[in-house]
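Engineer: Listed here are the chains, written in short residue letters.
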Amino acid sequence: MREPSPSAQIPDLPAVAADVLMRLRERAPRVHCITNAVAQTFTANVLLATGAVPSMTIASAEVGEFVARAQGLLINLGTFDRERTEAAQNAIDAATDRGMPWVLDPVFVDRSAPRAALARDLAARGPAAIRLNPAEFAALTDLPAAERTAEDLIRGYARKSGSVIALTGPVDLVTDGERTAHIENGSPLMAKVTAMGDALSALVAACLAVEPDPWRATASALLIFGVAGDVAGRSATGPGSFPVALIDTLHNLDRATLTSMGKVA
Amino acid sequence: MREPSPSAQIPDLPAVAADVLMRLRERAPRVHCITNAVAQTFTANVLLATGAVPSMTIASAEVGEFVARAQGLLINLGTFDRERTEAAQNAIDAATDRGMPWVLDPVFVDRSAPRAALARDLAARGPAAIRLNPAEFAALTDLPAAERTAEDLIRGYARKSGSVIALTGPVDLVTDGERTAHIENGSPLMAKVTAMGDALSALVAACLAVEPDPWRATASALLIFGVAGDVAGRSATGPGSFPVALIDTLHNLDRATLTSMGKVA
Amino acid sequence: MREPSPSAQIPDLPAVAADVLMRLRERAPRVHCITNAVAQTFTANVLLATGAVPSMTIASAEVGEFVARAQGLLINLGTFDRERTEAAQNAIDAATDRGMPWVLDPVFVDRSAPRAALARDLAARGPAAIRLNPAEFAALTDLPAAERTAEDLIRGYARKSGSVIALTGPVDLVTDGERTAHIENGSPLMAKVTAMGDALSALVAACLAVEPDPWRATASALLIFGVAGDVAGRSATGPGSFPVALIDTLHNLDRATLTSMGKVA
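Residue numbers (the numbering used here), protein chains in the order written: chain A, 1 to 265; chain B, 1001 to 1265; chain C, 2001 to 2265.
Treat each hint with caution, since some may be false.
Stated by the list, open to error - Straight-line C-alpha distance at most 25 Å; calculated SDA-like pairs for lysine to any residue:
hint, chain 1, residue 1, chain 2, residue 2
1, B, Lys1192, C, Ala2150
2, C, Lys2192, A, Arg234
3, B, Lys1160, B, Thr1180
4, C, Lys2160, C, Ala2150
5, C, Lys2192, A, Lys263
6, A, Lys263, A, Met22
7, B, Lys1192, C, Lys2160
8, B, Lys1192, B, Lys1160
None of these hints come from the bench; they were simulated from the model.
Using the sequences and the hints given, assemble the complete structure.
Structural biologist: What follows is the structure, encoded as structure tokens:
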């Protein structure tokens, strides 16, 4: 029965996130994204703004080769059609063969039963991290809605599954079952622009490519995105200018801003 | 032979549109969009900026469930591939079963015969509204181009079909055969940015979800979008900054701006 | 053994490009694009900003009709799935039947063997121009990487294939084997935004629709895009605001700016 000390639980995440961001810019990891059509362009531009190099093909015949030459992988169910579903399986096979960590984003699993069933199958294949919102977590785990934000349950799921769970909302929660961080950055405009969560999941995949500890990688991605959202929210005049400012901010983000603005509990 | 009075024909549309916009923000209707790949991101962001909640899946296996949990539906033929065509039929089945109004956007039916044939089949399934431009109207109705803007023909088509017709251009026309409004808002930059019409059609679907009179709902959508276009056109410096400003404006649009700037005849 | 004079090799390209841009705005050529999902929206908006009219359908049943009513065609392999591959063949058939020039953009052929094989098949079908980067050129031609920027080899490939080669990077190279231009415009931010190369290839297709000399058309497209990139790079604050500024700039670009800023060697 390990009893982690508070300082072991929560390292200086802003400093960790700054290190991870610098590594993204230095190493420029390739991140392959099987993601929904709505999110593809914004996701690619978020990755490029942080230093990663995106690819997006969903052709089954070649997805394995793309993954084999990448350092990160995102599987997002956003608009899952036949070809994407097949490509997702091939991509996970290729990642698993190489021991490469991958991220699952079970978008909208609360909206359709076949989607939730597919998401459970994919979650059982061992993603390093799962990024989702409370309603999606409830549908993925088949929990009643009332219990969906109970932290004990989330930690329990993370421990049992071996996947880091990143539950995003006004306050984000990142846990591997042992260590839990609450990140309080972001902007209300994030809920008024499509593909914000999808792009964040891709950034988790990029961070996993340069940081071996999945919990640190995931928390870093959420902190980088959240602080950039804070900064962008101050200059934006609505949900049109917000994503423009967010990408500019991600590109220009420095250690000092992460350290001074990061709100972690 | 009903002879509507002018005041019955044209209510105070800016006031109606302001009510509809407030209801969008209060009720946050879910709007499912089967739409073309080029338009998906911009359409989602336009819906979010007005208060609606978009979904976009085109997987046949799940589109019925998405529509069953939505309050509005858009069918857009923009890039119609096999899967989208099948999904469109499933989605219309689900909407019809539940008595939910839906919108048809027969993009580019003037460019290909199979597309025009499909659009005629879908138009016969009873959309609450059809949003299109004059060339598309001519192709959909098989009218010679010279007659395509004759208002009598358009009113006749609306009366016979039972669908509100929204014909967009420098001046928009909205008619159910009895009531006709001409909306003179908008910006020339709207013709220089892709997906403007597609996003407007999605906004019609959103308005139909919160306003039971299809003509009022459709005219409100066109007025909201047109006034926002007017405002955005004043600050934009070209077709790159225009859609950014349009989404900011839709998010911030208030009753006073709609009332003072709405140009309806 | 033709020995072209320096002046024959390099005409006053900024003046040529300005003429081509004015023709784009006057003639508004329709350009059909089989392109990847990530690039569709940005590509459409770049074409619209320069005066061209894009269409993007990939449905095999109708792509032939769209191409038959267009004046330009782009084939981009970015996210090549089954339907896009089939549509590409149909589209090239339709273009070849009508003697219409088309552009090949063999995106990411260095990342997967089936993609490279498809690109070689398509290159053998006689595109008027091929736009690609050095790594893609090496993969397409099966050259060792060390030789991939050797100008003699590129000129040789252009001469043998009959396709103008546009190799883009910090300095762009455009050659038909006889005439070679080096274009030094652009912005480092172009490498930090997705779909820049894809959109440029679409602009090459648009220029081929209004300029019968494929080398002049291709060089004009690269110069227009590069100068707009230079201008946009001066006002942008990062890769979020850069594409917004680029589209505004393309829309507002005039002969004086092209002439004063174009850097051709």
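Engineer: Of the hints given before, which are not true for this structure?
Structural biologist: Hint check: 1, 5, 7 and 8 fail, others pass.
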